[in-house]
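From first to last, the protein sequence lines stand for chains A and H.
Residue 8 in the working numbering sits at position 8 of the first sequence, and the numbers go up by one each step.
Residue 222 in the working numbering sits at position 111 of the second sequence, and the numbers go up by one each step.
Do not take every clue at face value.
Reference listing, derived: stretches of chain A covered by chain H, where coverage requires no fewer than 3 residues with Cβ under 8 Å from a Cβ of chain H [said to hold, decoys possible]: (1) 37–49; (2) 101–108.
Here are the simulated SDA-like pairs of lysine to any residue, each with C-alpha atoms no more than 20 Å apart in a straight line [as the list claims (entries may be wrong)]: (3) A/K42 <-> H/Q156; (4) A/K103 <-> H/G198; (5) A/K42 <-> H/L122; (6) A/K103 <-> H/E170; (7) A/K57 <-> A/H72; (8) A/K42 <-> H/T114; (9) A/K103 <-> H/F199; (10) A/K42 <-> H/H116; (11) A/K37 <-> H/G198; (12) A/K103 <-> A/Q45; (13) A/K37 <-> A/A19; (14) A/K42 <-> H/W218; (15) A/K37 <-> H/G152; (16) A/K103 <-> H/V171; (17) A/K42 <-> H/Q113; (18) A/K22 <-> A/D49; (19) A/K42 <-> H/T135; (20) A/K37 <-> H/Q113; (21) H/K191 <-> H/A150; (22) A/K68 <-> A/N53; (23) A/K42 <-> H/L158; (24) A/K58 <-> A/I47; (25) A/K37 <-> A/V20; (26) A/K37 <-> H/A151; (27) A/K42 <-> H/V123; (28) A/K42 <-> H/G198; (29) A/K42 <-> H/T121; (30) A/K22 <-> H/G154; (31) A/K37 <-> H/L157; (32) A/K58 <-> H/T210; (33) A/K103 <-> H/S197.
A short list of chain A residues far from chain H (calculated; beta carbon distances all over 10 Å) [as the list claims (entries may be wrong)]: (34) D17; (35) S28; (36) D84.
Simulated from the structure, these hints should not be mistaken for laboratory data.
Glycine is no exception: its CB is placed at the ideal position from the N, C-alpha and C atoms.
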Amino acid sequence: GENVEQHPSTLSVQEGDSAVIKCTYSDSASNYFPWYKQELGKRPQLIIDIRSNVGEKKDQRIAVTLNKTAKHFSLHITETQPEDSAVYFCASASGNTPLVFGKGTRLSVIA
Amino acid sequence: SQTIHQWPATLVQPVGSPLSLECTVEGTSNPNLYWYRQAAGRGLQLLFYSVGIGQISSEVPQNLSASRPQDRQFILSSKKLLLSDSGFYLCAGGVSGNTIYFGEGSWLTVV
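Chain A on its own, in the form it takes in the complex:
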């Protein structure tokens, strides 16, 4: 089955700097790649997603890139703010199969 590896497990950045989180997947049939943000004690919330027919998608300060050949995708957060501090999860799926999640990255934005 699908396996998703996520790096790094923790990341600290200064406010205003950029943050990058990377994920790799194993199933070449995977075609859907969402990112979720989970604040402490709350549910994960979808922040951005990408499908295999595009290489990059951007929403304000957040962008996701996908490299299908290398089977990896990344989340980019620019001009980080303290409220960006949270745990971020990547995931992948193909067809109607359940999402397989990475183990998460704890992002800390230091003011």
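Based on these hints, arrange chain H on the given structure of chain A.
Quick look at chain H alone, frame taken from chain A:
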């Protein structure tokens, strides 16, 4: 838009007692439904998923079970809780294209 309701929000149960967590979906029909568990500071573990009434797929062997008595209702149960069942339980649902949304979650502490 789709809304996931989940209850109870928190519960403390003694070892060996039964469990019932309920999840309902509003705003859509025939959703795919999921139960995830998250141990403290850990990732999202898929427990069960369902693509329709009475159809349950189990991802992890354990003393938990799931049922889907109605199209938009998903129940997680146990006859006898173990200490290791403690965690944050999340119901999620989605209708197409793999995108899923999470309920508010249920904090279970087994004592």
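How the hints compare with the structure:
{"no.": "1", "hint": "37–49", "result": "holds (count 6)"}
{"no.": "2", "hint": "101–108", "result": "holds (count 4)"}
{"no.": "3", "hint": "A/K42 <-> H/Q156", "result": "holds, 16 Å"}
{"no.": "4", "hint": "A/K103 <-> H/G198", "result": "holds, 16 Å"}
{"no.": "5", "hint": "A/K42 <-> H/L122", "result": "holds, 16 Å"}
{"no.": "6", "hint": "A/K103 <-> H/E170", "result": "holds, 17 Å"}
{"no.": "7", "hint": "A/K57 <-> A/H72", "result": "holds, 14 Å"}
{"no.": "8", "hint": "A/K42 <-> H/T114", "result": "holds, 15 Å"}
{"no.": "9", "hint": "A/K103 <-> H/F199", "result": "holds, 15 Å"}
{"no.": "10", "hint": "A/K42 <-> H/H116", "result": "holds, 14 Å"}
{"no.": "11", "hint": "A/K37 <-> H/G198", "result": "holds, 19 Å"}
{"no.": "12", "hint": "A/K103 <-> A/Q45", "result": "holds, 15 Å"}
{"no.": "13", "hint": "A/K37 <-> A/A19", "result": "holds, 14 Å"}
{"no.": "14", "hint": "A/K42 <-> H/W218", "result": "holds, 10 Å"}
{"no.": "15", "hint": "A/K37 <-> H/G152", "result": "holds, 14 Å"}
{"no.": "16", "hint": "A/K103 <-> H/V171", "result": "holds, 17 Å"}
{"no.": "17", "hint": "A/K42 <-> H/Q113", "result": "holds, 18 Å"}
{"no.": "18", "hint": "A/K22 <-> A/D49", "result": "holds, 14 Å"}
{"no.": "19", "hint": "A/K42 <-> H/T135", "result": "holds, 18 Å"}
{"no.": "20", "hint": "A/K37 <-> H/Q113", "result": "holds, 18 Å"}
{"no.": "21", "hint": "H/K191 <-> H/A150", "result": "holds, 19 Å"}
{"no.": "22", "hint": "A/K68 <-> A/N53", "result": "holds, 9 Å"}
{"no.": "23", "hint": "A/K42 <-> H/L158", "result": "holds, 19 Å"}
{"no.": "24", "hint": "A/K58 <-> A/I47", "result": "holds, 11 Å"}
{"no.": "25", "hint": "A/K37 <-> A/V20", "result": "holds, 14 Å"}
{"no.": "26", "hint": "A/K37 <-> H/A151", "result": "holds, 16 Å"}
{"no.": "27", "hint": "A/K42 <-> H/V123", "result": "holds, 18 Å"}
{"no.": "28", "hint": "A/K42 <-> H/G198", "result": "holds, 13 Å"}
{"no.": "29", "hint": "A/K42 <-> H/T121", "result": "holds, 12 Å"}
{"no.": "30", "hint": "A/K22 <-> H/G154", "result": "holds, 16 Å"}
{"no.": "31", "hint": "A/K37 <-> H/L157", "result": "holds, 17 Å"}
{"no.": "32", "hint": "A/K58 <-> H/T210", "result": "holds, 17 Å"}
{"no.": "33", "hint": "A/K103 <-> H/S197", "result": "holds, 19 Å"}
{"no.": "34", "hint": "D17", "result": "holds, 25 Å"}
{"no.": "35", "hint": "S28", "result": "holds, 16 Å"}
{"no.": "36", "hint": "D84", "result": "holds, 19 Å"}
Comparing the model with each earlier hint shows no violations; every hint is respected.
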